[in-house]
Structure formats: C-alpha cells, structure tokens
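Using the hints provided, position chain Z relative to the given structure of chain D.
Quick mapping for you: the protein sequence lines, in order, are chains D and Z.
According to the working numbering, the first sequence is numbered sequentially starting from 1.
According to the working numbering, the second sequence is numbered sequentially starting from 115.
Any given hint might turn out to be false.
Keeping only pairs whose Cα atoms sit at most 30 angstroms apart, straight-line, the calculated DSSO-like set for lysine-lysine is [said to hold, decoys possible]: (1) Z:215 with Z:182; (2) Z:163 with Z:182; (3) Z:210 with Z:182; (4) D:80 with Z:215; (5) Z:163 with Z:175; (6) Z:215 with D:79.
It is worth saying that the hints were derived from the structure and are not from the lab.
As the structure is a prediction and not an experimental result, all values here were calculated from the model.
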Amino acid sequence: SQTIHQWPATLVQPVGSPLSLECTVEGTSNPNLYWYRQAAGRGLQLLFYSVGIGQISSEVPQNLSASRPQDRQFILSSKKLLLSDSGFYLCAWSVGISSGNTIYFGEGSWLTVV
Amino acid sequence: AQSVTQPDIHITVSEGASLELRCNYSYGATPYLFWYVQSPGQGLQLLLKYFSGDTLVQGIKGFEAEFKRSQSSFNLRKPSVHWSDAAEYFCAVAYKAAGNKLTFGGGTRVLVKP
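With the rest of the complex left out, here is chain D (with noise of 0.2 angstroms):
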C-alpha cells in the first residue's frame, strides 16, 4: 500500500532563516505531488504541484519555493522565511490525471515563524 510521510511535525523558526520540509511518498511511482498551506482559521491553499521530476508548478506568487529531485521526493524550501510564512502545510500525492484523481495527504508539518 501506498504511504506518505512528510517532516518535521513541527518546526519553529526566526524571522529571515530558511526552511526545508521533505516529503517521501511510498509504495507507487511517478505520483502526483502537492504542497497545500492552511493558514489559522482558513482553508487549503495549493502552493505548488509536481507531475514529474523536476516539473514545478506554483500556484501563487510567494517566499517559498518547491523542488522535486526524485520521483518520490518533494521539498518545499525557503531561503528567508516572514512572519506570513506560518500556517499547517501538507503534503498530498495522487496517481492519474486522465481520470478522477484522488489526493491522499500526510500529517501535515506546523511551521511557527518568530
């Protein structure tokens, strides 16, 4: 079966540091993968999707940038995080774009900026 870890859990970081949170799907290849942010009090917001390594889409103009160096790796990066940069990320994969295609997260990474 196919499984999906995603960390570190919980990270606190200062104002102007980077950021890298790692994401490793298992168990099925060439998946589709996602970075999806929800902010405190709002709903999911799609960062950045992968359909191959090395393809990176962003969904919106923002600090962070995503990297895809292995079919089933995915990392979301910042050289210099804000304050806005805090929210509950997580990672999601699926197989299949010609049809439904289904989105299976992970536990999710809480990133406090400070």
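For chain Z alone, coordinates are given in the frame of chain D:
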C-alpha cells in the same frame, strides 16, 4: 475559475443527532467531488468521492453524500453523530479540464455535544 463554498463555518450537533454539511460548487462542467475530514493538528483523510454514476455516494465512518447537479451541491450527511466525529470537514472539487487540481472550500468545524 472553479470555487467551492461551504456556507456553515461552525455547526454544533448533539451526539446521536443527524448531521448535514453543505457544499456548493461553481463552474459549468461536471466536477469530481470530494469530502475530507481533518482532526485537530492532523492531515486530511478522504471520506468519500464522486466521479460519476450513482449520485448518492457512501463513504467511510457512516458518511454519505449526494450530488445534485441542478443545485450544484454535494452535501455530506450522517444519520447519527458520534463524539469522535468532531472535526473539520472540507469539501473539494476538481475538473478534468483544469488538470484535476483540487480546490477546497473553507471548511466546516463540527462540534459534538454530549
């Protein structure tokens, strides 16, 4: 652009009572529809999904949802709520023409009274 509306931000229900969460979507094409549940501090778990066929969909944990094209709705229901159903619920929609990317509603937080 596709959008999803969950009109109720909070719902309080007594244990054993029935629950209905509303979801409306916009856009002209036939959507793929999903309901996810999120317990505090955790990732999202898929409850059920509608791609095609029977408009009444059964999901996990005793939930069901009905797709009504004429009303652009996909309301989630449960006949008898348990205390463990207290969580936040998200409706989401995707369209094949839009690359099957999920758009989420703002969520409905369900509180269960003993």
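Okay, the hints, checked on the actual structure:
{"no.": "1", "hint": "Z:215 with Z:182", "verdict": "holds (21 angstroms)"}
{"no.": "2", "hint": "Z:163 with Z:182", "verdict": "holds (14 angstroms)"}
{"no.": "3", "hint": "Z:210 with Z:182", "verdict": "holds (19 angstroms)"}
{"no.": "4", "hint": "D:80 with Z:215", "verdict": "holds (28 angstroms)"}
{"no.": "5", "hint": "Z:163 with Z:175", "verdict": "holds (14 angstroms)"}
{"no.": "6", "hint": "Z:215 with D:79", "verdict": "holds (27 angstroms)"}
Comparing the model with each earlier hint shows no violations; every hint is respected.
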